[in-house]
Amino acid sequence: MAFFVASILLILIGLYAVLVKRNIMKIVIGLSLMDTGVNVLIISLGFIRGRTAPIVNIKDLLVNTSSKVVDPLPQALVLTAIVIGVAVTAVALSIVMLMYSKKKTLEIEEYKELKW
Amino acid sequence: MVNPIIIIGVTLASAFFIGILQVYNRIWARVFFLLTLAFDFLVSGVNFYGFITGKIAKPILVKIGGFPPPIGINLLVGKAEAALGFLIFTIALLGAIHWFVRGLPQPEGKALILFLLLSLGATGISFTGDFFNLFVFVEITSIAAYGLVASSKDEKALEAAFKYMVIGSISSTFILLGVVFLYKATGSLNMLDIAGKLAGGISSAVLALITLMILAGLLIELEVFPVNGWALDVYQGADPVVVALLAGAAVKAFYLVFVKTAHYLPLPSFFHLALLFGGLTYLVSQFFAWRQKDVRRLLGYSSVAQLGLLILVAGFFLNPSVSSSSRLMMGLAMVLLVFNHSFGKSSLFLLADNVKERKIEGWRGVLASNPVFKFSFSTSVFSIAGVPPFPGFWAKILLIFAIPRNYSWVVGLVLLGALAEVVYYFRFYRIASEGKGKKVGRNLASPLISSLILIASVPVVWGMFTDKIHIPVKPEILLLLGISLLVYFLGASRLLQWIASLGVLAYGIYSLYPYIKPDLHGFFLALVLFGGAVLLLATYPGSKKLSSSFYPAYLVVLFSMAGLVLSSTWLSVFVFWEIMSWASFLLINMGKGKKAAWIYAVFSAAGAYAMLGGIYLLPSLSLAPGKFYGLLPAVLISLAFLVKMATSPLHIWARDAYGESPDEFTPLLSGIMSKMGVFGSGLVFLYVLTALSGAGFRYLLGWAGALTAFFMTLLAVFQDDLKKLLAYSSVGQVGYILIGLSLFTPLGWNAALYHTVNHFIFKGLLFVAAAGIIYRVGTSYLPHMGGLIRRMPLTFFATLLAIIALAGIPPLSGFAAKWLLYSALIEKGWIFITVVAFLASTLAFLYCFKILHAVFLGQLQEENENVKEAPWPIALVEVILLIPLGVLGAFPNLLLNPINKVLSGIPGMENPGFHYHKALGIVSKLGHWNAFFLMVFLVGSFLLALVFFALTSARIRKVGQLDVGYSGEVPRAPEDLHFGYGLYDHFRRAVKWLIYPLVSKIWRGIYQWIGAFAEMGRRIYTGDVNTYAAYVILISIIILYAFTGVK
Amino acid sequence: MMWAKIFYAFLALLGGIAYGLFLGGVSRKITARMQNRRGPTIWQNFIDLWKLFRKKTAISHGVMFYLAPMFRLVGGAGTFLLVPIVVGNPYLSNFSFGGDLIVLMYFMVLGCLGMALGAAESGHPHAPIGVTRGLSQMAGYELPFVISVVVLMIADKTTSIEGIVRAQQGGILHWHIFTHPFAAAAAFISLLGMMGSYPFQVVLAPQEIAIGPPTEYSSTFLSYMFSGRSVFAVAKYLLFMNLFLGGASNLLWAFVKTFVIFLWPLFITNVFPRFRLEQSVLFFWTWPSLFGLIDLVRIYLVR
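Protein chains in written order, with the numbering used here: chain F, 1 to 116; chain V, 1 to 1047; chain U, 1 to 303.
The hints are simulated quantities; they were obtained by calculation from the structure and are not laboratory data.
Don't take each hint at face value.
Derived pair list, reagent style DSSO-like, types lysine-lysine, alpha-carbon separation capped at 30 Å [to be verified]:
1) V:Lys356 / V:Lys197
2) V:Lys356 / V:Lys293
3) V:Lys184 / F:Lys68
4) V:Lys724 / V:Lys374
5) V:Lys197 / F:Lys68
6) V:Lys374 / V:Lys436
7) V:Lys153 / F:Lys104
8) V:Lys359 / F:Lys115
9) F:Lys68 / F:Lys115
10) V:Lys153 / F:Lys112
11) V:Lys356 / F:Lys104
12) V:Lys156 / F:Lys115
13) U:Lys157 / V:Lys958
14) F:Lys103 / V:Lys517
Now the stretches of chain F that chain V is said to cover, found in silico as 3 or more residues with beta-carbon under 8 Å [stated by the list, open to error]:
15) 17-25
16) 38-48
17) 74-84
18) 94-103
We treat Cβ as the ideally placed atom computed from N, Cα and C, and that holds for glycine.
Turn these sequences into a full structure, and let the hints guide you.
Here is the structure:
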């Protein structure tokens, strides 16, 4: 339960940053927070209290594996998601960098040329 | 069959390899890049070919890593996926070609990699059979897209990339959460597996929520209103090549997966979701583009709108309660729309790349830059705007007729949006075709794409007329339309084209002659064919600037009219109506009035779409007298015809379209094309309404005709441009025809059909004569002419007789129509209309004199001293048309007999309402008129008087033109004496209050108000990423809250 | 029979021209007397015509100019011949079998059109000024005239002139001037415009534009125009007689009735000043048209 609450909280904080913050960096950080929150949420979905990690080379897990370990798939998914998240953040930061080098500001107010 | 994994694997590998290669050798990296795309193109092409030929019978399932589904990840490639893959790589390849022609962004290595990754990701999205794998491909696509958008590195592109990135991340978060929850709820990630588990429909609210999360994420990627601000910014800010790939290919992959998701996760409320977001996005975006000044953003709005339409179509396509034949049509429409939009739009974006100007005003003159540009621009615009014969046009028809009856409001929505689309696209087209010429960059890809669209249209057209929809058509018409287009290839010489066109038309007459039967269709067919032949004769030598597509378009107009009048169902009426309208738009646009052509296009389209809506409402498409089908379809269908007849208040396009179209085309426009409106209205009266039920509507139309006649005549009196004067006059005369039709009595229809032919004769003659005059004098401005009787006597004589016929003065052919019409009106008792019509025809004398005086009489101006008689083809046509003018004057029966034969086939009109009497001539219930006697009497007594005069008169001395009584002074020059300016100024003072341009002010007001509202509406796209994100949240809440509903 | 008809029609035509010239003389005489002048003799117009006809030279400005007087004469004569003088009398019905009232109304324009074109070819600026004024004024008086004509056509359910005359038989109170007084009023006011009498005289305006359209015409040409004009006027009187005064049962009645109609514009013309063109157009489109409309609406409701 704590995981759920924490992950939702993280997502909401991230969302808050994206919705309200006027600084580009803060928006990117918000996105990152959301990402993390989602990952935590996914992990918590696969978690089953009292079970262990799905590493099958431990001896007593070899029999009745599926009833002893947590769901391995969410973890696998999260691994992928983390990698993707890193990539997105990297691209985001490089875009922010370029933006800053053009206009020397991170205020979102200055980036409203495209509209209507 | 080639394993689809090869595409993904090879592309991925080569993306890595290029990264390394370009460090060492840029050229080889480029070659390798192109080779990769070409390879993908080929492989996907082979697969697609396999599917369409049936060599690959069932979807290809690729198990990755050897694990069978549902455990392992798999690719699932069916017909749709293969088609999309081919589409993606076609556009990618063409985009890449364009990139190389234009120059790559720097650093180019990264751009090449990202480009490959983007196409790869899009392909993956469509190929994958696994939801999590889908998420991965979505992310690959997105990251590549962010990078590519940013790659041009200007401020606009970076800003767009950032916004794209923020909203894209939120969207993929939705997809990711949805996918994981889906796994939690169903225990599987395999699409088919899940689909199997949910085959009965989603019944739990939790699952519905999960589905909606995925759909919401996809809807954001599909740029639905109002969460599409980012997309518009990307379209506006990014490198157009990237945009072409995004809008043309990547978004379509998202669309496919959207449809697949909705199919695999059958959410009951999906239909309404699609209806709401698709419809809203479509309509709103079409209007938002209304007055958009930035070309790329305009194209962006259009893309968004097209996607909205696609979502709407998906809603119907997946709705199980819609009949399977409708769903099949929807599917077909979907395919056509995707094809049409992908190619048309990417071509347009690539062209936008050539024209560096972003502002629409900066595009002035681009069409005149070079013919290749003109070709690809026109083709792309026409295909996107749904002009025949391009696939978009057929898609519209398919989609509309597939909409179930209880959703007929959707038809209105679709047509309204389509109309808005015509408004802004042709405004764009108008600006591009105005002006002298402007340098544009080289472009190889767009012409290729346009040719592709053109080539692809052929089988589509074929399919439409043969199997799928089966629009009934005489095969000769299709053949003739095809041959007409071939005349274009003789473009080197106008003379050659002229001769060829005459040949084609002669063949047309030969092959269509059997269809000239004594019925309404045959009557109008004869008018089209023979009238067209005469007028075609007069088009040579033409003005020097005549475009090489003039003759093909002219022939297409002619044969589409032939197709129109030979229609046996309303659908084919519509199809040929559209072909005729758009071909004539091209012809009008060849003249100097580009704005006029635009207004013509808009009014034509409005009419045509109204007609389509009306046809949709009819319970049966066949042209057969039936029961009363309701007033609404009758009104809607009539609108198209009233527009073409330019009935008030739908007339405002006519003056300039007639006046500024090429002089060679105007005779056809006025003489024959306006009569198609007459034909159509006749069809409405016969087949949609009944004699009783339509009475009120017909009375209204009678008034419309009378007021048209009155006001157009009044405006003609004050018009100082020869062709515009004739235009008003023509429109006014067609008003009389409408009155006759609306009477719906044998006498009234006699009048209408007689005047149809008669109006063709004298108005064709007048416009042909005008063409000759303008050709010689070089102006159509009346005050600059005068005295031409001495230089162009034959043209004067022809014009004089045509004017007498037009004014309806006996003994020429024109009077018969007047006599029949007034007799019919009085017989029917429409007395107020009678008075108005009478007054209008009196007013016509004013402009009749004006034409004759201002052009031929008065003083010959010095600059016209060397003017010669009209060129021989024109003179020939004048003589040819004079013959029926005189003959019908003495023997109106020659035309009235065939007309009565036509009418005898119409129930209730067997008795013509008049008979012949030896002494009294034509006798109606009310009066009589002896045409032959009058002719003999007039000619005889005139000759008698002339002979008597010649014998008895004083010695006649011919004097020079300046020898007039001039208060005892000697006039200096002709311009001192010529009364050309302000001929009816005194009368104008009397009727100033009547000629206030109320109607055009109202129309302009409507246009501007819609524009103002649209401009206000699109302020919601503030350009602020926070706002965009807020919209996303808002929409997600709405989606999740409103559409979870499970039975 | 046919040739006899033509012969009588020809006689009637000569009579018509003579009668028109005579009426012209009468009008000059009456006008003079009202202005306390002696005035010319009643036969002055015959003398003028003969003088013009006998002139030795004439100038021409071109083909249309040359043909126009013939148009004028034929137009005037044709109009005259389409109106029956005495309905029912085969010898005094002229060529009324040639057409009904609708034919006549369009036929009337032919002569004017021919004249206008010839005049315009003369190249004199006054000619088109006069013509455009004439046409505009026509647009004015045509409205009340058409309204009243439509009233009669609807009321009598016929468009033929004979039919309209027959409908008025059976006593003076059956005349349309009494059965449809408002329509008749409209028509008689528009007659003023047709005749170009004051206050609607701006078309010819002898002082400013020197009788306007035919200003360049002289000698034989003018004599043709003159006779065409005279017979055209008689044709209009005859038409009004047939439409509103119950037609005529013999020549004497025809003479009396047309003379009465002839006097109406004559008396008006001598006591009124002149309208500008836009004033006369608007006048015709208001009062007389409203009069006519009263009867039109009545007919519409009664029908």
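Hints violated by the structure (listed by number, smallest first): Those not satisfied are hints 1, 9, 13, 14.
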